[in-house]
Amino acid sequence: SQQGEEDPQALSIQEGENATMNCSYKTSINNLQWYRQNSGRGLVHLILIRSNEREKHSGRLRVTLDTSKKSSSLLITASRAADTASYFCATGAYYNNNDMRFGAGTRLTVKP
Amino acid sequence: ETGVTQSPTHLIKTRGQQVTLRCSSQSGHNTVSWYQQALGQGPQFIFQYYREEENGRGNFPPRFSGLQFPNYSSELNVNALELDDSALYLCASSLSRTSGSYEQYFGPGTRLTVT
Numbered sequence: 096s097q098q099g100e101e102d103p104q105a106l107s108i109q110e111g112e113n114a115t116m117n118c119s120y121k122t123s124i125n126n127l128q129w130y131r132q133n134s135g136r137g138l139v140h141l142i143l144i145r146s147n148e149r150e151k152h153s154g155r156l157r158v159t160l161d162t163s164k165k166s167s168s169l170l171i172t173a174s175r176a177a178d179t180a181s182y183f184c185a186t187g188a189y190y191n192n193n194d195m196r197f198g199a200g201t202r203l204t205v206k207p
Numbered sequence: 005e006t007g008v009t010q011s012p013t014h015l016i017k018t019r020g021q022q023v024t025l026r027c028s029s030q031s032g033h034n035t036v037s038w039y040q041q042a043l044g045q046g047p048q049f050i051f052q053y054y055r056e057e058e059n060g061r062g063n064f065p066p067r068f069s070g071l072q073f074p075n076y077s078s079e080l081n082v083n084a085l086e087l088d089d090s091a092l093y094l095c096a097s098s099l100s101r102t103s104g105s106y107e108q109y110f111g112p113g114t115r116l117t118v119t
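Each protein sequence line maps, in turn, to chains X and S. Residue numbering for the first sequence follows the working numbering, starting at 96 and increasing by one per position. Residue numbering for the second sequence follows the working numbering, starting at 5 and increasing by one per position.
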């Protein structure tokens with residue numbers, strides 16, 4: 096069963112706009128990670144946020160984590176056509192940190 | 005691109021057959037995890053190998069089995085293939101067996117089609 100649930104399932108925006116994707120999860124976690132996947136290829140790690148962190152930045156990416164609400168968000172600023180991909184959150188359970196649980200993903204389309 | 009490679013890229017098998025998928029991990033990584041990704045879904049954890057031992061397993065039947073070799077490369081074997089086994093199979097290597105604590109480096113995947 097999948098742990099994370101991304102929202103929305105699909106998002107379409109114009110180049111230059113910001114994209115926000117949300118992830119909710121059910122059990123206590125040690126960490127939460129975001130990955131990107133282009134057209135059925137391998138996943139690329141974007142950012143890892145630990146349970147004691149609230150916000151993290153990496154280039155145009157900003158991730159927040161709210162453990163009280165069991166939710167995280169990924170913000171991509173000034174989006175580009177190359178950002179078109181599926182984005183997944185993945186959680187490492189507190190009780191079993193080697194079992195990464197992925198959500199179904201958000202499909203982002205950035206129109207030029 | 006990561007240093008994780010997988011072979012073959014694509015594979016077509018018939019129901020009931022057996023298949024072996026291969027993965028070479030990123031240099032220096034001693035942990036390999038395997039995932040199954042059905043179309044339109046997120047990856048599902050199959051199992052993880054750490055220093056040649058299975059170190060955790062997801063909700064997959066015993067006909068899914070694996071191996072890790074001394075050079076940390078790995079194999080995924082699936083027996084008695086079923087139509088629902090059609091999926092993209094991904095392997096990922098990491099520095100630590102606690103995959104939730106470290107980023108994982110994914111290979112490009114093997115697309116398996118069962119007819």
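FYI, nobody ran anything at the bench for these hints, they're computed from the structure. C-beta atoms are modelled at their ideal positions from N, C-alpha and C, and glycine is treated no differently. It is possible that part of the hints are untrue.
[As the list claims (entries may be wrong)] Residues on chain X that point at chain S, a partial pick, calculated with CB under 10 Å: (1) Glu101; (2) Pro103; (3) Leu106; (4) Ile108; (5) Glu112; (6) Ala114; (7) Gln128; (8) Leu156; (9) Leu170; (10) Ala173; (11) Phe183; (12) Ala185; (13) Arg196.
Tell me, which hint numbers fail for this structure?
Hints 2, 3, 4, 5, 6, 8, 9, 10 contradicted; others consistent.
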